[in-house]
Every structure is written in C-alpha cells, then in structure tokens.
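K.L.:
Fit chain H to the given chain Z structure using the hints.
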Amino acid sequence: MTVSEGPAAVPLLSVRGLTKLFGNFAACDAIELDVAAGEIHALLGENGAGKSTLVKMLFGVLEPTAGQILWNGAPVTIRSPGEARRLGIGMVFQHFSLFEALTVAENIALSLDPRISLSKISDEAASLSKAYGLPLDPKAHVADLSVGERQRIEIVRALLQNPSLIILDEPTSVLTPQEADRLFETLFKLKAEGRSVLYISHRLEEVRRICDRATVLRHGKVRGACDPKQETPASLARMMVGSDVAEVHRDETAKLGDVQIEMDSLSVAARTPFAVSLKNISMKVRAGEILAIAGVAGNGQGELFDVLSGEYPVADDNAIRLRGRPVGRLGINGRRLLGAGFVPEERHGHAAVAAMPLSDNLLLARSQSDKRAFLTGGGMSIIRQDAVRSATRRICEAMDVRKSGEDPQAGSLSGGNLQKFIVGRELDRQPAVLVVNQPTWGVDAGAASHIRQALIDLAKAGSAVVVISQDLDEIFEVATSIAVISEGRLSKSYPAGELTLERIGLMMGGIHESHSIPETAHAH
Amino acid sequence: MFEAILLTVITASTPLVVAALGELVAERSGVLNLGVEGMMIMGAVFAFAATRYTGSPYIGILAGIAGGALFSLLFGFLTLTLVANQVATGLALTILGLGLSGQIGESFVGQPGIKLQPISIPLLSEIPFFGKVLFNQDLIFYLSVALIVGIHWFLFRSRTGLKLRAIGDNHGSAHALGIHVVRMRYLAVMFGGACAGLAGAQLSLVYTPQWVENMSAGRGWIALALVVFASWRPRRVLAGGYLFGAVTIGQLHAQAFGIGVPTQLLSALPYAATIVVLIIISHNRRTTLINTPASLGKPFVPDR
Numbered sequence: 001m002t003v004s005e006g007p008a009a010v011p012l013l014s015v016r017g018l019t020k021l022f023g024n025f026a027a028c029d030a031i032e033l034d035v036a037a038g039e040i041h042a043l044l045g046e047n048g049a050g051k052s053t054l055v056k057m058l059f060g061v062l063e064p065t066a067g068q069i070l071w072n073g074a075p076v077t078i079r080s081p082g083e084a085r086r087l088g089i090g091m092v093f094q095h096f097s098l099f100e101a102l103t104v105a106e107n108i109a110l111s112l113d114p115r116i117s118l119s120k121i122s123d124e125a126a127s128l129s130k131a132y133g134l135p136l137d138p139k140a141h142v143a144d145l146s147v148g149e150r151q152r153i154e155i156v157r158a159l160l161q162n163p164s165l166i167i168l169d170e171p172t173s174v175l176t177p178q179e180a181d182r183l184f185e186t187l188f189k190l191k192a193e194g195r196s197v198l199y200i201s202h203r204l205e206e207v208r209r210i211c212d213r214a215t216v217l218r219h220g221k222v223r224g225a226c227d228p229k230q231e232t233p234a235s236l237a238r239m240m241v242g243s244d245v246a247e248v249h250r251d252e253t254a255k256l257g258d259v260q261i262e263m264d265s266l267s268v269a270a271r272t273p274f275a276v277s278l279k280n281i282s283m284k285v286r287a288g289e290i291l292a293i294a295g296v297a298g299n300g301q302g303e304l305f306d307v308l309s310g311e312y313p314v315a316d317d318n319a320i321r322l323r324g325r326p327v328g329r330l331g332i333n334g335r336r337l338l339g340a341g342f343v344p345e346e347r348h349g350h351a352a353v354a355a356m357p358l359s360d361n362l363l364l365a366r367s368q369s370d371k372r373a374f375l376t377g378g379g380m381s382i383i384r385q386d387a388v389r390s391a392t393r394r395i396c397e398a399m400d401v402r403k404s405g406e407d408p409q410a411g412s413l414s415g416g417n418l419q420k421f422i423v424g425r426e427l428d429r430q431p432a433v434l435v436v437n438q439p440t441w442g443v444d445a446g447a448a449s450h451i452r453q454a455l456i457d458l459a460k461a462g463s464a465v466v467v468i469s470q471d472l473d474e475i476f477e478v479a480t481s482i483a484v485i486s487e488g489r490l491s492k493s494y495p496a497g498e499l500t501l502e503r504i505g506l507m508m509g510g511i512h513e514s515h516s517i518p519e520t521a522h523a524h
Numbered sequence: 001m002f003e004a005i006l007l008t009v010i011t012a013s014t015p016l017v018v019a020a021l022g023e024l025v026a027e028r029s030g031v032l033n034l035g036v037e038g039m040m041i042m043g044a045v046f047a048f049a050a051t052r053y054t055g056s057p058y059i060g061i062l063a064g065i066a067g068g069a070l071f072s073l074l075f076g077f078l079t080l081t082l083v084a085n086q087v088a089t090g091l092a093l094t095i096l097g098l099g100l101s102g103q104i105g106e107s108f109v110g111q112p113g114i115k116l117q118p119i120s121i122p123l124l125s126e127i128p129f130f131g132k133v134l135f136n137q138d139l140i141f142y143l144s145v146a147l148i149v150g151i152h153w154f155l156f157r158s159r160t161g162l163k164l165r166a167i168g169d170n171h172g173s174a175h176a177l178g179i180h181v182v183r184m185r186y187l188a189v190m191f192g193g194a195c196a197g198l199a200g201a202q203l204s205l206v207y208t209p210q211w212v213e214n215m216s217a218g219r220g221w222i223a224l225a226l227v228v229f230a231s232w233r234p235r236r237v238l239a240g241g242y243l244f245g246a247v248t249i250g251q252l253h254a255q256a257f258g259i260g261v262p263t264q265l266l267s268a269l270p271y272a273a274t275i276v277v278l279i280i281i282s283h284n285r286r287t288t289l290i291n292t293p294a295s296l297g298k299p300f301v302p303d304r
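Protein chains in written order, with the numbering used here: chain Z, 1 to 524; chain H, 1 to 304.
So here's chain Z without its partners, still in its complex pose (with noise of 0.2 Å):
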C-alpha cells in the first residue's frame, strides 16, 4: 500500500543515540527509533522512562545532549517547534498547551502562519474537525469546553498544518471509550492519508488494538521494539516494567457490613461558572465494599469528592452521614476524626506541598485527626518530630514509596511515587471510611498495582471504600460495586460483575439523555 512496507524504504524518522542529560541524570539514553510512512508506532513505557523527554526533543522543547534526528533520512537540528512543525511534525501534548483565556480559533491561529486570517482559521478548523469527527466551535473559550474538547482543539490544531507525522502524548486518558473510538477512527483515517502517528501509551491494549510497531522504553533506554498485535499485555507489560506486574487479587467472596457512607438525594449548585453543580445524588456504601464511581473527568467526580470530603460543607446536616453519623455541615477534620480518610485528585498543591518534605506533609494532613501521635504539649501543640519521622518512614515501608534521602521534598519524588505516599498516609491510619479520588492518574503500571492492591485490602479489612476513577480497566480491577456520574448527576450502583464496559460508557455519555439504559438496567 505503501512504500513503508519494503524492507528498504527510508524511515520518515530516525532517531540515532538520542541521548539527553539532566546534571548527570539521563533521562534519555542512546534512544534508536524508527517511525516508517503511514504507520502507527507506539512508544511504551512506564512514567519517567523517558517517553516524554523523547518527544520533546524531536518537537524542539528540549535540545539533545548528543545523537542524530534524521527526517526522511537526511540529518536535521530542531531547535524550536517551529521548526518542528515546518518540518511536518505535530504534536498533541498530553498536559494540553492550550490558552484558557483565548477562544479555539486564537489557540489555533498562535500555531500557524501568522498570514493567515482568523476567519480563515476558523473556517478551515470547523471544516477539518467536522472532516475527521471532532466536533468544535472555533469562537468558544477554551475555559469554558471539556477535556475530551480540548484535546480536539490540540488535535485539530496539529492537523492544520498538514503534518506527515503526529505525536501523540497519552490521548485516550482523558476520554471515554466511545470517545477513544472515534480518536482511533481519526487515526485510522491518518495513516490511510499516508501519514505516521507515533503514540505515547500505557495502555496496552489500546496499544495492540491499534498500533503497528511498538519500541519499548524502561529508565531512558530502549528496552526492545515489537509488533505490538503479536504480544500480550502481559509480554509487553514485562518489557516496560522488567519484571512481571504484580496481579492485584480480590476475595471475590468478601462479607458486607453495614452502611458506611450514606448520601441522601443531595444537590449543589455549582460554586464557579466552570464547575459542576450535583444533581440529586444518593449513594450507600457498606463496609468491605468498594465502590468505583466512573466518568468523564470535569462531570462532577471533583464536586463529589469535594462534599464527600468536607472540604465544601452542605447545608443539610443530614444529606451526608458517616459511619451513621450526619456530617453534612462537618469541615475535613471533623469527618475524618469520625475514621474517615480523604485523597484528593490533585497530587501537587491539593493532595501534597511540594515544596515541603514528606513528614511536613503527612503532618498536615493528620494533625488534627492523629493529634495524639504527633503532637504534644497539650494547647501549645508542639510536633513530635520523631514520631513524625517514625510514621513517615513506616508509610514509606508499606507502599514502596522511592524517594532520594530520608525524607525528601514531596516534589521530588517521581508521580507514582508521590501517589503512593499520600494514598499510604490515610491507609497508614486504617480509616474506616476511605474516598480517593483518580488513585492512579498518570502513575506507573507498578505503582498503580500496588495502590489497588492496598485498596481492596483495605476494603477486606472491613472498611468502605470509594473509588472516583476515570479509568476504567482500573475499576473492573477494584469494584465490588461500579456507578456512573455524568454531568453531576450519579446513576444507583450495580454490582461490578453486572456491568460491561460498553454499557458503562453509554453511561459515561450521558445516562440522563436517555432513560432507557438505566430503565433497563433496573430489568436485572
């Protein structure tokens, strides 16, 4: 079909010893890569495996410490991405780089040639988003769209420049697998046009469904390159990690115990123009259970998590009530002084300081509800640093937590990492009640295991879980209960073995469109 399928063809892309350093840390170590005309390659690997500090460098945002790119094979320097996108390489980053305060057709037009007017720009985006199913209004604020929207603005905006290859930074995280169909259509459509698409994943499976050829990365050097249909999840796991995933067990035959979390038809308005207001959400969570609550990021799961937590306190007393207590009008400590415990979404800056070590942290977040432990002095409340350091040491224990130094600054620990500090940091106190909200997001397979693991071992050790996830392979991995929240408003909960992933992204688009899915759930 295409001149890439002979042996002897030239690479649209080569990558020679790529190699780049950080101080003396190489992020990326002598990298070779191959991407041929009209195919699809995937880049796999783990977080920090250099995926990202690849790409950036063949896009222009980093300079290479040494090695050779070779486009079409003849050598080039790309110093900008400009230069980049002169060449015909697009790029759709996986933290979007997109102006919140511009509309879609301005954050398009600052990537293009300035000659060209605005209401040119606008015309041909509608037209080419319409072409390959994304849809978009090109005078709409970006502030005021949805995650899978703004990924169409990158993707249109790559597009627009008519590129022979696109890179791909993590698309489908932030999509539901309806939405992920149509993004493989588009780039089905792609790589019919003859165009290459080099896909930056974890997934795995999406990487077998969709991907031609797959070079594997693991601690910034090249692990192996396979074709990715001739593998299992389980082989390619292996390559990216090195050892083989820890599968996460579940008693299937767990007792439950009474109801833990209790949420009575609870509505509340939107405290922002961009936030989402909930819609009369009820829910009950027994002990031993975990229930996973799916969506689309931005459909409420972040208002959920907020009333949940008491971080946004309702009116009614009554609307929330844990362990039997109501703690609707409870602030953050009062509720978790009752055993629960809280994770939120965001690792840097919400869930974690920074710029503060790792005992400074769970300080913070355990003052009130472990006052005893840490601290003394009766009124003065003067902390115990040793006893500080002692429960940060054990945290660090139990969840493998990878740090440089005894107790280093939060943000210097990779993702995962971190993650895995501030989900063991409730665990350590054993809560009876738990809500985490994204546990994994953007966390290695391994770290991501061991997260899910201590989650439903905590839910056997009798306690209820709440699980807020977008990702789906996730909660098949942890539920004993699914429910779908989609633009604030939360469908009843079924048991995971009822649900199927089809039927839970019919959800995840929109229950409250149709009422025939969830009237036909009831049928069961």
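Keep in mind that the hints are not guaranteed to be accurate.
Unchecked claim - Below 30 Å or equal to it, Euclidean Cα-Cα: the simulated DSS-like pairs (lysine-lysine) are: (1) H/Lys298 with Z/Lys139; (2) Z/Lys492 with Z/Lys460; (3) Z/Lys130 with H/Lys163; (4) Z/Lys130 with Z/Lys255; (5) H/Lys163 with Z/Lys120; (6) Z/Lys492 with Z/Lys279; (7) H/Lys163 with Z/Lys139.
As the list claims (entries may be wrong) - Incomplete in silico selection of chain H near chain Z, CB under 10 Å: (8) Arg157; (9) Gly168; (10) Asn170.
To be verified - Heads up, incomplete: computed chain H residues facing chain Z, CB under 7 Å, no partners named: (11) Pro128; (12) Lys132; (13) Leu134; (14) Leu155; (15) Ala166; (16) Asp169; (17) Ser173; (18) Ala176; (19) Ile281; (20) Arg285; (21) Leu289.
These are computed hints drawn from the structure, not numbers from a lab.
Remember, it's a predicted structure, so these values are computed and weren't measured experimentally.
Using N, Cα and C, we set each Cβ at its ideal position, and we do this for glycine too.
P.N.:
This is chain H only, laid out in the frame that chain Z set:
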C-alpha cells in the same frame, strides 16, 4: 467655565491614560511592573532637561519616552533575564526613579520651562465647544487617543497581540509553541516604560511646565490601579482615566468652592473606586478568567 473645567480634566487625565495603557500592555504580557511612578518621573525629568537644552518640547517628548523606556530596561533585565521578583523590583524602581530624578533635576528647580503648544486641527477645531475642547489640544493628548485605538487593535486584532495575550495567559505553553516569551516581554515592558515616560513628559511640558521634585505625585500608582479598574481592557482605560482625572480636578474645585468634604477623602476616591471595581469584577469569575493575564507576575524560566 464648564469648558475650562473640561480642559483641565483632559490635561489631568491624559498622563493617567497614557501611563495606564503602557502598563496594560506590559501586564497583558504577564509582567507586573510596579515601577510606573519611577518611570514616569524619569520621563518627566528627561523631557524637561532635553527641552531646556534644545528649546524644543518635541525633542523633550522624545527624551521623555526614551528616559522611561531606558529605565524600564533596568526592570526588564532584573526580572526577565535575572528572574528577580517582579513586585520587589518594581517597588525598587519607583524608589530609585524618585531619588534619581531629584538628583538629575536639582539644578532645574525653579527654572522656567517651555510649554508644549496646542495644535489646532483645521476645520474640526472650529466646531463650537467640542472643537476647542477636543481638537485644539497638544500632541500628547492626540497620541493618547491614538494609543487607545492602536493598542485595542494590536491586542485583539493583530497576530502579534494574540501572541502577547497568549504569553500573559500561559507562558509555558507559549514557549512550547515557539513564541519568544522573554523577548516579547522585554518589548512589552519597554513599551510600558515608553508610555510612562511620555506621561511624565506631559507632566513637565503640559500640566505644569516646570521641574518640581516628586512632581508625578502618585499618578503612577493611580495608573496601576487604573489597569485593574479597566480589567485589562484598553477602552475601559479611557473611561477610568477620565473618571479619575475628573475626581482629581473636582476635588480642587470643591476646595475652591469651599464644599465641606475633606480633600483627603476626595483624593482617596480613585483608589476607593478601584477597590469597588475589584469587588465587582471578582464576582464575575468568567470575565475575570478571560481578561486577567493568568501568568501575571509569575517568573518564567525556559526549561531548555
């Protein structure tokens, strides 16, 4: 009588509008330069000196612009190249400017200055009332009007203006897109300095054509407040500038008429108005989010 008051209001408002417009551009690029007062007074002393030595207030205007821009370059070097704290550097710039201008202008104190003469625009200036008020003005007034139109067009119609707003919103992403963040910020800061210098020239060539130490008298701070008051929209600077100017003049006339309002209260009015506006705009989170430069005052270090 009314005409005369209006003329004084225009004269009092023009430096506020000009300086605020310059600061608005700098802040739209994400740089908070609290040194407006210092740059303005430097512009005033440069303009006065150049006019005295050459006899031409037009060369004085150019010198004022150059003085403000040069002085802002110091701020740019400290905050953009050396990534010093913008608030502290801006405050230092004001204090330095007030002291340095006093030193430079020591020999000018009490010396007569040359007033910048109005330019009457043919035909238009013959319109009754409006002609006299609007079309028989000095060059700096005309420039202030042109600046509003020009800056509005630049920010919201031109591609470079779009880049400037992008940098102010998210300098990390702008850098990733290949926009030269530091270079554009240097230019924006220097534009702000040039405008502050022009405003200073207006003080020492039009408002009171002489050199008096500390003659900027807090106008730089009013200009800073005006930018927030205008919620970073250039056309609102015009409205706000004239409101603040009218309050200043109104306070003088109120004194003359012996109206029993304490003058201190009246001179505090512009700041009180700014606080009220801040409260109002903070209620509308959406407009705030869209107009306020999100990376305002944040240091930028490229990760290359």
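K.L.:
Could you run down the list of hints and mark each one as holding or not?
P.N.:
To see whether the hints hold, each was checked on the structure:
| no. | hint | result |
| --- | --- | --- |
| 1 | H/Lys298 with Z/Lys139 | holds, 28 Å |
| 2 | Z/Lys492 with Z/Lys460 | holds, 23 Å |
| 3 | Z/Lys130 with H/Lys163 | holds, 27 Å |
| 4 | Z/Lys130 with Z/Lys255 | violated, 51 Å |
| 5 | H/Lys163 with Z/Lys120 | holds, 18 Å |
| 6 | Z/Lys492 with Z/Lys279 | holds, 13 Å |
| 7 | H/Lys163 with Z/Lys139 | holds, 17 Å |
| 8 | Arg157 | holds, 8 Å |
| 9 | Gly168 | holds, 8 Å |
| 10 | Asn170 | holds, 5 Å |
| 11 | Pro128 | violated, 42 Å |
| 12 | Lys132 | violated, 41 Å |
| 13 | Leu134 | violated, 33 Å |
| 14 | Leu155 | violated, 11 Å |
| 15 | Ala166 | holds, 5 Å |
| 16 | Asp169 | holds, 4 Å |
| 17 | Ser173 | holds, 4 Å |
| 18 | Ala176 | holds, 5 Å |
| 19 | Ile281 | violated, 14 Å |
| 20 | Arg285 | holds, 5 Å |
| 21 | Leu289 | holds, 5 Å |
Hint check: violations occur at hints 4, 11, 12, 13, 14, 19; the rest are consistent with the structure.
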